[in-house]
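Colleague: So you can see what is in the structure, the chains are spelled out below.
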Amino acid sequence: MPAALDAVAAIKARWAGVTDRASLDHPAVNVPASELLDVLRSLKEEHGFDMLVDVAGVDWAAGARPRFTVVYHVFSTARHEYVRIAADCADDAAPEMPSAVGLWPGANWHEREVFDMFGIRFAGHPDLRRILMWDGYLHYPLRKDFPLAGIETELPDAEVAAVTKTGAIAAPMAGGPFVAAHGGINMGDAEPRAKDESWSERRPKPGP
Amino acid sequence: MPAEHTFPDTAAKNARGELEAERMSISMGPSHPSTHGVLRLQMELDGEVVKKAEPVIGYLHRGDEKIAENMTYNQFVPYTDRLDYLAPLANNMAYAIAVEKLAKLEVPPRCQAIRVITAEMARISAHLLGLGAFGIDVGAWTVFLYSFTEREKLYKLFEELTGARFTTSYSRIGGVARDVPEGWTGRVDAFCEQFLPRLEETLSLLTRSRIFVDRTAGIGVISKEDAIAYGLTGPNLRASGVPLDLRKNKPYSGYEQYDFDVPVGTKGDGYDRYLVRGEEMRQSVRIIRQAVAKFPGGSWQAEEAKRIVAPPKDKVLTSMEELIQNFMIVTEGPQMPAGEVYFEAENPKGALGFYIVSKGGGVPWRLKIRAPSFCNLSILPKVCVGMMVADIVSILGSLDFVMGECDR
Numbered sequence: 001m002p003a004a005l006d007a008v009a010a011i012k013a014r015w016a017g018v019t020d021r022a023s024l025d026h027p028a029v030n031v032p033a034s035e036l037l038d039v040l041r042s043l044k045e046e047h048g049f050d051m052l053v054d055v056a057g058v059d060w061a062a063g064a065r066p067r068f069t070v071v072y073h074v075f076s077t078a079r080h081e082y083v084r085i086a087a088d089c090a091d092d093a094a095p096e097m098p099s100a101v102g103l104w105p106g107a108n109w110h111e112r113e114v115f116d117m118f119g120i121r122f123a124g125h126p127d128l129r130r131i132l133m134w135d136g137y138l139h140y141p142l143r144k145d146f147p148l149a150g151i152e153t154e155l156p157d158a159e160v161a162a163v164t165k166t167g168a169i170a171a172p173m174a175g176g177p178f179v180a181a182h183g184g185i186n187m188g189d190a191e192p193r194a195k196d197e198s199w200s201e202r203r204p205k206p207g208p
Numbered sequence: 001m002p003a004e005h006t007f008p009d010t011a012a013k014n015a016r017g018e019l020e021a022e023r024m025s026i027s028m029g030p031s032h033p034s035t036h037g038v039l040r041l042q043m044e045l046d047g048e049v050v051k052k053a054e055p056v057i058g059y060l061h062r063g064d065e066k067i068a069e070n071m072t073y074n075q076f077v078p079y080t081d082r083l084d085y086l087a088p089l090a091n092n093m094a095y096a097i098a099v100e101k102l103a104k105l106e107v108p109p110r111c112q113a114i115r116v117i118t119a120e121m122a123r124i125s126a127h128l129l130g131l132g133a134f135g136i137d138v139g140a141w142t143v144f145l146y147s148f149t150e151r152e153k154l155y156k157l158f159e160e161l162t163g164a165r166f167t168t169s170y171s172r173i174g175g176v177a178r179d180v181p182e183g184w185t186g187r188v189d190a191f192c193e194q195f196l197p198r199l200e201e202t203l204s205l206l207t208r209s210r211i212f213v214d215r216t217a218g219i220g221v222i223s224k225e226d227a228i229a230y231g232l233t234g235p236n237l238r239a240s241g242v243p244l245d246l247r248k249n250k251p252y253s254g255y256e257q258y259d260f261d262v263p264v265g266t267k268g269d270g271y272d273r274y275l276v277r278g279e280e281m282r283q284s285v286r287i288i289r290q291a292v293a294k295f296p297g298g299s300w301q302a303e304e305a306k307r308i309v310a311p312p313k314d315k316v317l318t319s320m321e322e323l324i325q326n327f328m329i330v331t332e333g334p335q336m337p338a339g340e341v342y343f344e345a346e347n348p349k350g351a352l353g354f355y356i357v358s359k360g361g362g363v364p365w366r367l368k369i370r371a372p373s374f375c376n377l378s379i380l381p382k383v384c385v386g387m388m389v390a391d392i393v394s395i396l397g398s399l400d401f402v403m404g405e406c407d408r
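Just so you know, the protein sequences line up as chains Z and E, in that order. Just so we're aligned, residue 1 is where the first sequence starts under my numbering, counting upward by one. Just so we're aligned, residue 1 is where the second sequence starts under my numbering, counting upward by one.
Treat each hint with caution, since some may be false.
[Said to hold, decoys possible] Some chain Z residues close to chain E (C-beta under 10 Å, calculated; not the full set):
(1) Thr19
(2) Arg21
(3) Met133
(4) Gly136
Derived from the structure by calculation, the hints contain no laboratory data. All C-beta atoms, glycine included, are put in the ideal place defined by N, C-alpha and C.
Work out the full structure: start from the sequences and follow the hints.
Modeller: Right under this line is the structure:
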C-alpha cells in the first residue's frame, strides 16, 4: 500500500472529523480547522511527509457555504508521494485558519500570500503582512468579487504626483482581447468582445 | 600579568556579545545589479555584518492567477512563458501536463520526446544564464560572455522551433503548437556535440578559480533539514544533500526512459550549488542526445481528444466537422472535467507546481502556481544573518532565482 494511502487511512481512523475529499490524482482529505495542525503534525512526524510544498487559498464565490478553503500539499522526500489536505474556514466574513509556521518555517510566506490574496487570517502567524501587494492596500485581489479590471486605488506615490503634477495614465485593464468571465456568462453564447480601443492619437481616451 | 588597555565594562560587554555599533538600515534593490530583477532586501547592518535581512517582493506581481481564472486553458499558455522567463519551454510543458492530468489525457510519445528535449534545452539555457550572472556577481566577467555565446545558439534553435526566441508559448493542451521542423533534431544533436567541450571550458573558468572558491565555499550554507523545512527544491535542495529530482522520483513525460544521474552536494554552500548546476547541464545533454537518438515518429498531439485538441489547420479550412471542432475549442476552451489536480515538474529553478480546481468547462475555477523561486527566497532571512554584505551578493547569485516566477 503506498505511503500516502496508508497515512490517509491512519488519519481518518484517528480523527473522526476527517473525511475523504474527491481528487483526480493524490490522496486527499477534508480536515476541520480545529484539527488541522494535529493532522499536519501527524503527517509530518509520524508518516514522513516532511515537506510542505504548497498552500493555496480557494474562494468558492460570495454566498457559497463555506466560502473559503485553504488547501495544503505535503510531500514525502523519502517516499515521493503527495497528500492534499483541505480545511474550510468557518467564518465567511472573517475567515481564519491556524498557522502552520510552527511546523514548517516555509509556511510563513505561503500563508502571507493567502492572507494577501484572500484575506484569510492565520492565527499564530509571527508576521502576518501583505507580501505581493503593498502595505496599506485595501482589497483581496483573488476573491471572486474582486473585478479583473481591478479597483481604482490611491497609489503610494499619490502625494508625490500631487506635488509634481505628473502622473501616469493607467493601462487599459480589459484583460486581453478575448475575455469571458467564469460562471455567469456561457462562453458559447458570449461573443468574444474586443478591448475598448475607441480612442486614438487624435481622439483622447475617455476619462474615468 | 600585563595590564590590558581596555575598559573593564567594555571587555565584559564584548565577552557577552553586547558591544555593538549603531545599526544601519539599508535597502538593497529593487533595482540593484546583483538582485537579479526586482528583489529588494531590507537589511540591518552592524558595520559590515548583516544582522537582519528581510526580502521585499511583489514588484513584478501581475496577477497571473487572477488572469488564469478569466481565460481558457490554452489562452493561459503565453502567461506561463513569463513565470521563469529564462526557461519558458519548461514552464509551457509543466502547465500543459498539469491540465492534461486534469483531463486524464496521455500525449503520444513523439510529443513527450519533443517536450523533454525542449525542457532540457531550456534547463541548459537557464543554468548558463544563472552561471554567467553568478560569475558577474562575484567578479568573474568572462564566464558571462562564454555562456551567452552558447545561449545564443540555443535561442536560434528555439526560434526555428517555435517562431520566438524568448516567449515561446509552444505547448498546447494535449500536444505542442507544431511539429519539429525538418532536420531540427539533427541540429540539436550538433549543438550538443560542440556544447560539451565549450561547457567544460566555461566551467574551468570558475571551478578551480581561487577567487571564485573563496567567495562561494562555505558561504550561504543551507542544511539538509532547513532546505526541506523551507520547501527548497531543484538544484538548491540537491546541493544541500537531498537527492530529490522529480524527473527521477515522479517521472512525467517519459523521463523514466532516459538514463541520467542526479548530482547531489554535500555542504549546501554556494560552491555546491554551482557544482550541481554545472553537472546538471552535462546530464541534460545526455538526456537530449538519448531523446534525439530514439526520436519517435507518429503524431505530436493527442488527436483523439476532439474536445481538447484543435484539428490540423488545413482540415479546418476544408471540412465542416473540423471547422466546428476548432471553433468550439477556440471559443469555449478545451473541455475539462470537474475536479482538482496538483502537478509539479522539475524546472531549472526547482519544482514548478500547478494546483488546478476545475468546475468543468474551458476555464479553471482556481489556478495556483507554486513557484520554486518564491520558496527558495523565503529562506533568505535565515541564511543572510551573520554574513558580510559582500557575501549577500554571492548568496543571491548562488540561489539563482527569477522574480517573474516569484511574484507571478
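Colleague: For the hint on arginine 21(Z), does the least C-beta distance to chain E fall short of 10 Å?
Modeller: This interface hint holds because 9 Å falls under the 10 Å limit.
Colleague: Could you check if threonine 19(Z) really has its C-beta closer than 10 Å to a C-beta on chain E?
Modeller: violated (15 Å)
Colleague: Please verify that hint: methionine 133(Z), Cβ, nearest Cβ of chain E, below 10 Å or not.
Modeller: Given a least distance of 6 Å, the restraint on methionine 133(Z) holds.
Colleague: Interface hint check: glycine 136(Z), Cβ to nearest Cβ on chain E, cutoff 10 Å. Holds or violated?
Modeller: violated (13 Å)
Checked against the numbered hints given earlier, the structure breaks hints 1, 4 and satisfies all the rest.
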